[in-house]
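First to last, the sequence lines map onto chains A and B. Mapping to my numbering: the first sequence position 13 is 19, numbers consecutive. Mapping to my numbering: the second sequence position 150 is 529, numbers consecutive.
No wet-lab data here; the hints were simulated from the structure. Any given hint might turn out to be false.
As the list claims (entries may be wrong) - What the simulated footprint calls covered on chain A by chain B, stretch by stretch (three residues with Cβ under 8 Å from a Cβ of chain B suffice, anywhere in the stretch; the number is not a length):
no.: 1; region: 67-75
no.: 2; region: 78-88
no.: 3; region: 91-99
no.: 4; region: 107-121
What the hints assert, rightly or not - Some but not every residue of chain B turned toward chain A, in silico, with C-beta under 8 Å:
no.: 5; residue: Thr479
no.: 6; residue: Arg555
no.: 7; residue: Gly649
no.: 8; residue: Ala652
None of the values given here were measured: they were computed from a predicted structure. All C-beta atoms in this analysis are idealised placements derived from N, C-alpha and C, irrespective of residue type, glycine included.
What follows is each chain in one-letter form.
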Amino acid sequence: MFARAWTKTWIAGASLVALAAASTGAQAAGKDVSLVLGVKGSPFYDALACGAKDEAKKLGLDLTVSAPDQFAADSQIPVIDAVTARGPAAAVVVPTDTQALIRPMAQLAKRGAKVLTVDQTIADTSFIQTQIVTDNEQGGRLAADAMNELLGGKGSVMMITQPPGSAGQDARAKGFEEELKKYSGITYLGPQYQSDDPQKAAEIVTSALSAHPDLAGVFSTNDQGAIGGITGLKQAAATGKVKFVAYDSATAEVAAFKNGAISVLIAQNPKQEGEVAMQSVKRVLDGGKLEKTTLTEIAVIKPGENAKADQYEYKGNCAQ
Amino acid sequence: MSMTTSDPDTDHSDRHTLGEILGRALGGGWIFILLIVLIAIFAAMRPTQFASSYNLSTLAINAAILLVLAIGQTFVIITAGIDLAVGSVLVFSSVAAASTMLALSGSAGSSYGTTDASWGVIAIGTLVGVGTGAAWGLLNGLLVAFARIPALIVTLGTFGMSLGFAQIVTGGQDVRAVPERLVDVIGSGSVAGVPSLVLIAVAVAIVAGIALHLTRFGMRTFAIGSNAEGARRAGIAVRKQTLKVYMLAGALSGLAGIMSIARFATTTIGGHAGDNLATISAVVLGGTSLFGGVGTIVGTVIGVFIPVVLLNGFVILGIPPFWQTVTMGAVLILAVWIDQLKRRARERG
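This is chain A alone, in the form it adopts within the complex (with noise of 0.2 Å):
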């Protein structure tokens, strides 16, 4: 019985084999386009993807999109390194880490793909076609004139960002700081540091409470912080008294939005992205140049805006 198996194994294996040593052929068509998110299941990356399909098919061009089960170098490279075996005309990436992904994407690159980048960037861009982002900064700055105006110049504001190292996160809050020095009327906290853990985020605002009864508004510079940020308003009683500043518009925090618990909301605008790496894409493989840096949209949904709160929510509703 040991020996059928190990027949049956060894027929297999001769045949793959031969299958192996017979494979020889054309690569695929100048028309196949990879796309690689920086994570499954993200809302903010799905809408990106829905972007990118819609875009390339009106292109005519050939998209398959993948993603890692995690936002993490050692999930991704497995799938960076499938897609370069893949061969396509062009790939677009999510880096998940700034350094980690340089030698993969460098070897896509080397083996003929046009490499572009969108979202996040990685440190070594010598071999990208164009970084599709936003300007992290110029968002900072945003929410620190909304938060003004909608203090009425004054009061005292703490800001729920990510422990240093994350650069989008970083320059968010560099932007915040640096533009909230403008107002004199404002008296700035300092940062609290949460990752990505609503429950912290929360515990951070209600103890932030008990220190600065006279806390009059709070920034968060991504989805989880605001979402546990509004819960712990909630848990304090003062939701709509401390003004909420939120970037990103996830579908909770549009929600949180049109109840009032969060007065602005700074959003980026994902499907955009996704389009615009499409088009990237398709000028790079008809030849032409493209500035090192593409920047997309960000937008500033005030307060009553619910049907702009509607349009700029992340949401990955297109056919698979």
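We have chain A already, so just place chain B on it with the hints.
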């Protein structure tokens, strides 16, 4: 459970017949056929892409680090234990090693984010990595064997502790400057066309296979997993053996940490969260029993390759990402079920 280990008498320990070894290897036999079938299907559908020498070598590189972790996990699971800390011990060891190498190195290297640290510094860093890994293993082993806390709880605790310490040491920021020689020669280099990382993993697998199947150490590992009380009565120092097995798993996590630095050219504090479950499923796919006493290194090698090949094949075929998650879960259950049926048939005779 165990014709292979029912006789703990050391006199017979190294008299394994070819049939016995083959029989044990076939614990993972069906899985091997499954792997071959998967490879054959992907190769047939995308010959130029899947079956290219480039892709086959990246498949092997992608499996290498996980394989080293899974080998340690195999020993632990054969003793009827479990090690949930492998991934975060990897992170801790890589942080300890990378910080050491950064502190000892001189100026910056020629490519981005590297240092020109000598091989001596790299050797010290490797020792630090393997040593810190073994130290975490020692802690796990002490708590499991001597404090008698269940392995699931102990390693869940050290899973958090090792990751937490890695974050404390670094302030949550990855160590970005690593030795250029390590990255070039080990991380992306190759010897006679075989990637260095793959060579290391193969060497570890061969040594571990010999240790598990042909030495007294391996025999004792099987014995305590099969019947700890019986092993104790047969004069095996069960607690000491358990300690050694957890230390081995820790040391291998440390080695995997060095391989990880070499491959990614940075530490990866945010990653490796799923490595524990990935290694456990690889070990189980390979026919090792979660109840202990049964298992092979060959099976684990095959078990590691199945998810790697599936992911790669699905991306190349362009199958939507969510289907990959579903398929991998289903394959795990299916493979273990077939294995169970086969085992039962064998037991009935």
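Consistency of the hints with the structure:
1. Only residues whose beta carbon comes within less than 8 Å of a beta carbon in chain B count, and the region 67-75 of chain A has 5; three or more means the coverage holds.
2. Chain B is given as covering the region 78-88 of chain A, and this holds because 9 residues of the stretch bring a CB closer than 8 Å to a CB of that chain, at least three being needed.
3. Restraint check on the region 91-99 of chain A versus chain B: 3 residues with Cβ-Cβ distances below 8 Å, three needed, restraint holds.
4. For the region 107-121 of chain A, the stated coverage by chain B is satisfied: 3 residues place a CB nearer than 8 Å to a CB of that chain, which reaches the threshold of 3.
5. Violation of the interface hint for B:Thr479 is found here, the shortest Cβ-Cβ separation to chain A being roughly 19 Å, above the 8 Å cut-off.
6. Given hint, B:Arg555 at the interface with chain A, holds; its Cβ is 6 Å from that chain's nearest Cβ, closer than 8 Å.
7. With its C-beta approaching chain A no nearer than about 5 Å, B:Gly649 sits inside the 8 Å limit, and its interface hint holds.
8. For the restraint placing B:Ala652 at the interface with chain A, the shortest Cβ-Cβ distance is roughly 6 Å, inside the 8 Å limit, so the hint holds.
Checked against the numbered hints listed earlier, the structure breaks hint 5 alone; every other hint is satisfied.
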